[in-house]
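*Asks:* Same order as they appear, the protein sequences are chains A and B. Residue 176 in the numbering used here sits at position 176 of the first sequence; the count goes up by one each step and never skips. Residue 1394 in the numbering used here sits at position 394 of the second sequence; the count goes up by one each step and never skips.
Any given hint could turn out to be false.
Below are the DMTMM-like pairs computed for lysine to aspartate or glutamate, each with C-alpha atoms no more than 20 Å apart in a straight line [unchecked claim]:
1) K168/A with E1286/B
2) K168/A with D29/A
3) K1061/B with E76/A
4) K39/A with D29/A
5) K1052/B with D1220/B
6) K1061/B with D1209/B
7) K1061/B with D35/A
8) K1061/B with E1252/B
9) K1052/B with E1124/B
Just so you know, the hints here were simulated from the structure itself, not pulled from any lab data. The model shown is predicted, which means the values in this text are computed figures rather than measured ones.
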Amino acid sequence: MLAALLIAAFSQSIDSTPARRPPRTIAIDERLAADAHIKLGDRLVVSMTPGGVGDSVIVSAIVRRRADPSEVARAEYRAVMHLDELQSLIGYGDRVDRFAVATRGGVAADSAIRRVNDVAFGFQAFRSRDIAVETSRTFLVVSRFHRAIGVITIVASAIFLLCIMLLKVDERRRDVAALRLLGISSRSIVRSVMVEAALVAGVGSAVGVALGWVAAQLINWHYRGVYRTPLAFALVTPGIVALAVILSLVLGLVAGLLAARRLVHMPALELLTGRHEDRRTTLPAAVQT
Amino acid sequence: MLFHLAWATLTRHRSRTLLATLGVAVSAAMLLDMVMLASGMRTSLRNLLLSKGFQLRLAPKGTLPFDTDATIPDASNVIRVVRTIPDVTAISPVLGGQIHVTIGARTTTATALGVEPAVQGDFEITQGRTPAAMNELVASDDFLRATGARIGDTLSAAAGYDPQLRSFTGRRTLVLVGRAHFLYMPAEQRAVGLPIATLQGMRGADARDRASLFMIRVRDGADVDTVLHRLQAALPTVTAVSTETAMRQVDERLSYFRQLAFILGAVSLAVGFLLVTTLVTVSVNERLGEIVVMRAIGVARRRVVLQIVVEGVAIMLVGALAGLALGLVTARYLNSILASFPGLPAAIDFFLFEPRDAWGALALLTAAGILAGVYPSWRGASLPIATTLREEAVG
C-alpha cells in the first residue's frame, strides 16, 4: 500500500481534466509540497501508475512528519488519502494492511490480543510496544556502534591526557627541585601538582563541553537539513557532561599524582641539573667521544 | 649518528615516549578504521552488485530494487522490449514474495524469490542443483534448519492465506533440489528460490505477469550509460538503475557513516599530530642547550632539524604500525556490530581492509609526523647560539 501511495505521489500533476465526481481531499507532507511547489487548495490527479488514469483530489492539508528515526534515511514522499478512495484507486478491494486497536489498559490489551489470535487466520495481533522494539532494531545497532566508537575515543583521550599531564609536570622539574631544596615537604609538592592538574583538567573539560555543545548544534543543523527531519542527531545531556568532566578530572589527577610522585622520589640536585635523564640515557659512542 | 641521536633522545624519557607511541597507536587504529569505513561499504556493495555481471536493474517507478512491495506489470512485454535494445546480453526477472511451507503440524514462512533459473543472479548453489522443472525449488541453510527438510524432499507450499475460508491459497507441491546461498539476503534469512512462473501462479491474479525487479547484463565493453538511457526511453514506467546510480542512492542514505568516518578520521589524525607536536616541542625546549652546542661545534641547522623530525616520524611510524594491528582488531569488532543491521545482505562489509587503505593511513600519519617536527625543530635550530648558550648556562 505504501508503494501505491508513493506511485500516487510521484505521478501527481495539476489537474486539467474534468472531474467525474466531487474531488476528495488529500494531505501531503511538506517535503512533497516544497519539492513540487504544491499549495493548499491545489487540485491534483493521483493515479496508480505514472501518467495513468486517476482521481482528482484537492490538497486540504500539508503535514509535518514526526521525528521518527525509522524514516530518517528514506527520501520518499508521503500522501494521506481517504481509505476507501485509496482502496478503489489501487484495486485493493475491501482490504487493509493493518488495524490499530485501542483498548482500555494493559489487561484489556492482553485479553484482546489473545482473543484476536485465537480466532485469526492469516493475520496476527501484536502489542504496539513489541512492534516498536522490532522496528527500532536498526537504532539499537547504531547505538551499539556509537558506544563502541565512544569507548575507543575515550581510550585515545585518556592516553592523550595522561601524556600531556606527564609532560606538564615533567616541565616543572626545576621548580619542584627548588621547592624541595627550600624544604617544602614532598606531600605539599604532590598536592600542589595535583591541584594544578585538577585545574588544567577542569578548564579543559569546560572548554571541551563548550566545544561539544557547539559541535552538537552544528551536527543537528547539518543533518536536519540533509535528512529534512526535526530529529535531534546529537544531544549533550547532563549525564554525558558529568561523564566527560569526571573522566577528565580523574585522569588528570591520576596523571598528576603519578608524575609528581616520580619527581619527588628523585634526588633534588639531580632534578635541578637534569642528571636524572643523563643516568638513564646511553649515548652512542660517536657522541660520547 | 642521526638515528642514534634520535634514539638516545627518545629513550631518555621512556614513559613519555611510550605513552606518546601508545596515543599515536590508538589514533592510527581509529584513522585506519575510519578510512576502511569510508570506502569499505562502497567497495563491498559494488562487488556484490557486480558479482553476477548484471550492470543494470529495472525497478518499479520511483523506487530502488526491493525497496517497497511494488511490482512491475506486463513483465513479458518488458522482457521483449529490453531484448530489442542493442548490447543487452541477458535479462533476469525476479519476483519477491512469501511462501508458507507446512511440514507436519508446523508451518514455516520464508522469503521467496521467483527467478528464471537459467539466467538468475540471486543465488549460488552450494549443494544439489538449480531448479529445472516448474515444481522445483532451492532453499537457504536457515530454511533447511528451520524446517528440517533435506534435498529430495517433497514440500507442501502456499503463497497466501484466505482469512474467510481459513485456508492457504496458491498451494503447490514442490521438490527441494538444492541448497543455495542467497547473495542479497541477510545472513539468517529463511529463503527459497523457484521458477518465477511458479511463484506468479501461486500468488494468483495479484502477481500475474508481474516482476519486482529485472537484472540486465550488458555486453563487455559496451557503454552502460547508453544502454541505461535507451532503457529509460523505451520503458518510461519503470526506473532503470545502474550500479553507479544504486551506489549513489545508497551513499545518500548512508552518508551519515561516510561523514562520521571523515570527522572521526580527521579528529584521530589531529590528535596524533597534536600529541607528537607537543612531545617534540617539549623535548626541544628541554634540549635547547644541547641543540645550540651542536650548532656551535659546526653541525648544520638542516641536520639538527632533520634529527628532531626523525624523532617525530619515528614515534608516528612505530605508533602507526602498532595501530595497524589494533585497527584491524577493532574494525572486525565494529563490523560485527554493524553487520547485525536488519535486512543487510550478509556480503556487505562496512569495514573492508584493502592494502591501499593501510598505505593511505600510514602516509597521512608519516606526513603528520614530519609536520609535527618541522616547526619546533626549526625554531630550536634557529635560536641565536651565543645568547642561548649563555641563558642555558646561567639557567
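*Asks:* Does each hint hold? Answer for all of them.
*Replies:* Status of each hint after checking the structure:
| no. | hint | result |
| --- | --- | --- |
| 1 | K168/A with E1286/B | 12 Å, holds |
| 2 | K168/A with D29/A | 57 Å, violated |
| 3 | K1061/B with E76/A | 12 Å, holds |
| 4 | K39/A with D29/A | 11 Å, holds |
| 5 | K1052/B with D1220/B | 13 Å, holds |
| 6 | K1061/B with D1209/B | 17 Å, holds |
| 7 | K1061/B with D35/A | 18 Å, holds |
| 8 | K1061/B with E1252/B | 19 Å, holds |
| 9 | K1052/B with E1124/B | 10 Å, holds |
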